[in-house]
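Q: So you can see what is in the structure, the chains are spelled out below.
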Amino acid sequence: MTAYLVSILTEGAIFGIMALGLNVIWGWSGDFDLAYYGYIAVGAYMTLVLTIGPASATPPAQYILGLQLPYPLAVVIAVITAMAVSLVVGSIALRHLRGIYFSIVTLGAVYVMYVIAGQFVPLFNGYNGLSGLFDPMGDVLGLDYNSYQYFFLGLSLVMFVLVYILMARVSSSRFGLALRTLREDERAAAAFGRDIYRLKLKGYVLGAALGGFGGALFAAYLSAFNPSAWAPIEVIVLYAAVLVGGRGNIRGVTLGVLIMGVLVQESTRFLPQIPVLGDLNTHHPQVLLAMRGVVIGLVLVLFLRFRPQGLLPERRFVDRQAAPDITPRIITTNSEASP
Amino acid sequence: MSAPATTSALEVRGLTKRFGGVVAVDGCSFRAPLGQVTGLIGPNGAGKSTAIDLISGFKLPDSGTVLFKGMALQGLPPHRISRLGLMRTFQSPREWPGLTVLENVVMARWDSGRESFVGGLLGLRGAQRNTAADELSRAREILDEFGLLALRNERAGNLSGGQKRLLEFARIRMAAPELVILDEPMGGVNPVLGERMALAIEAFIAAGTSVIVVEHNLPFIKRVTEHVIVMAQGAVIAEGSFDSLRSNQDVVDAYLGEMVT
Numbered sequence: 000m001t002a003y004l005v006s007i008l009t010e011g012a013i014f015g016i017m018a019l020g021l022n023v024i025w026g027w028s029g030d031f032d033l034a035y036y037g038y039i040a041v042g043a044y045m046t047l048v049l050t051i052g053p054a055s056a057t058p059p060a061q062y063i064l065g066l067q068l069p070y071p072l073a074v075v076i077a078v079i080t081a082m083a084v085s086l087v088v089g090s091i092a093l094r095h096l097r098g099i100y101f102s103i104v105t106l107g108a109v110y111v112m113y114v115i116a117g118q119f120v121p122l123f124n125g126y127n128g129l130s131g132l133f134d135p136m137g138d139v140l141g142l143d144y145n146s147y148q149y150f151f152l153g154l155s156l157v158m159f160v161l162v163y164i165l166m167a168r169v170s171s172s173r174f175g176l177a178l179r180t181l182r183e184d185e186r187a188a189a190a191f192g193r194d195i196y197r198l199k200l201k202g203y204v205l206g207a208a209l210g211g212f213g214g215a216l217f218a219a220y221l222s223a224f225n226p227s228a229w230a231p232i233e234v235i236v237l238y239a240a241v242l243v244g245g246r247g248n249i250r251g252v253t254l255g256v257l258i259m260g261v262l263v264q265e266s267t268r269f270l271p272q273i274p275v276l277g278d279l280n281t282h283h284p285q286v287l288l289a290m291r292g293v294v295i296g297l298v299l300v301l302f303l304r305f306r307p308q309g310l311l312p313e314r315r316f317v318d319r320q321a322a323p324d325i326t327p328r329i330i331t332t333n334s335e336a337s338p
Numbered sequence: 000m001s002a003p004a005t006t007s008a009l010e011v012r013g014l015t016k017r018f019g020g021v022v023a024v025d026g027c028s029f030r031a032p033l034g035q036v037t038g039l040i041g042p043n044g045a046g047k048s049t050a051i052d053l054i055s056g057f058k059l060p061d062s063g064t065v066l067f068k069g070m071a072l073q074g075l076p077p078h079r080i081s082r083l084g085l086m087r088t089f090q091s092p093r094e095w096p097g098l099t100v101l102e103n104v105v106m107a108r109w110d111s112g113r114e115s116f117v118g119g120l121l122g123l124r125g126a127q128r129n130t131a132a133d134e135l136s137r138a139r140e141i142l143d144e145f146g147l148l149a150l151r152n153e154r155a156g157n158l159s160g161g162q163k164r165l166l167e168f169a170r171i172r173m174a175a176p177e178l179v180i181l182d183e184p185m186g187g188v189n190p191v192l193g194e195r196m197a198l199a200i201e202a203f204i205a206a207g208t209s210v211i212v213v214e215h216n217l218p219f220i221k222r223v224t225e226h227v228i229v230m231a232q233g234a235v236i237a238e239g240s241f242d243s244l245r246s247n248q249d250v251v252d253a254y255l256g257e258m259v260t
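Heads up: the sequence lines are chains L and H, in that order.
Just so it is clear: in the first sequence, position 5 is 4 by numbering that gives the first Met the number 0, and no numbers are missing.
Just so it is clear: in the second sequence, position 62 is 61 by numbering that gives the first Met the number 0, and no numbers are missing.
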């Protein structure tokens, strides 16, 4: 039971970092980015090829680099790689395209990434993927298998808190407010001096950096990564977490991760098993996975219909200072001003 | 440069824009005097809105030049033109609906240093706070001028149509550009609010902002402008004071004749 709790909390913290990154792109900048999981995958793959060492002939494996760098250094390089890929995708997709057209281009981009990673074997070992990152930093710190789980939980939580604090700063900064003006009306943002393309691109690369960072942690948690870890449902779960919690509100996003990423995802485990017809002892293993998708889809639909702003709507700056009395007034106030 | 840029807030020469076979703006040339209110009128389809888009960089002209403070603006993107001090409003108010009224006014002022990403992350140069104290008090003052102070924490999207027009003016007051082009500010506005807008335009001039106003409401044009430019079929057909234009047969035929005034 403890091991189970440790694992879902670790997963939740990593998932939270990913969701906070998506919140920059979709919550603040306002772009429905379907390539987001691609940056997570780039972060995960790069972490693995930088740490697991050269490919072995038995079982046959092929991949680039094959270095044995210290895990923290690998994470940094993985994040930079994810940022570089997002810069390429973003500089194409964000230049002129918005709304559904932007989403289609990012869908195309992530599909290209997915096919290359899955089919071009010399890159990341194709469909078999990469494995072998066991307990990074564990040997240096002298941790055994059991204590390592706690260490990695602690590491993930600390990283989540750090990312949360940084995002809280961005959220209340002028930069964060400028990103929101793009979401609200970008022609007006341009009319008041904002370079919408560069501003959106900065937000996009920042979000992708968090995605890549989440992926780098995820690779260590799973100790492996392959195209089957990269299913479309994963990005839907991330969007669901941001939507349910509250788009644009980092507290909301954290709550959304707890609900969608941890509660819904884990509770579907406890649904009754459905036995194979005529044989009560064997069950359909795929039913559980399918039920998870059904529950997430249902929650998404209900929220979109009844509470599209999420559980904790985006908080706005509230000016509590008493109104100053200003004289002389150029334009007199009268009852006309009220609606 | 042959033009004495000191006396014109804006000079447009031979501006042309085609959409397929339609010539929306056809060799349009005019000058807007510095420190004055210039009216830009003309029938629907005269090319006024396209001309504004070309001047403010939201559309690229096929040919022609736009001179502002002695600089050629054509080809520059909208944010660059805005940063140089030439701003515009839109036919339908474009507030940031999800932000508060106060945030809308504060964000009308672009600030390169404080809006930097690294500054925001590290809290450099006061960039951590999205609103600086002096900026806030200035925004409050402006909102008070426009009678919107009580609504400052309201989502801008919840305002009435007339209030959104006032907010648009308040944002221009905050940004304090050298020239503003107002695109049909009286659209859907009642006469009492119209008087308030006329006073606001006078306040723009007093604050050193020259004004170009595109409007179909001729009493309003007569009330606020010193100089009027008449466009028809993509080109300027006449200019002068409002009263002188009423005796101009071309103008009456093209536009004023349709009006009851």
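The set of hints was computed from the structure by calculation and includes no laboratory data.
For clarity, every value in this text was computed on a predicted model and none was experimentally measured.
Heads up, a few of these hints could be off.
[Stated by the list, open to error] Output of the computed footprint for chain H on chain L, the stretches with three or more beta carbons under 8 Å from beta carbons of chain H:
1) 164 to 170
2) 173 to 186
3) 307 to 318
Backbone N, C-alpha and C define an ideal beta-carbon position, used for all residues, glycine too.
Q: Decide, hint by hint, whether the structure agrees.
A: Hints and how they fare:
Counting residues of the region 164 to 170 of chain L whose C-beta lies closer than 8 Å to any C-beta of chain H gives 3; at least three are required, and the coverage claim holds. With 11 residues carrying a beta carbon less than 8 Å from a beta carbon of chain H, the region 173 to 186 of chain L meets the three-residue requirement, and the given coverage holds. As drawn, the region 307 to 318 of chain L meets chain H at 5 residues by the rule of a beta-carbon pair under 8 Å; at three or more, the given contact holds.
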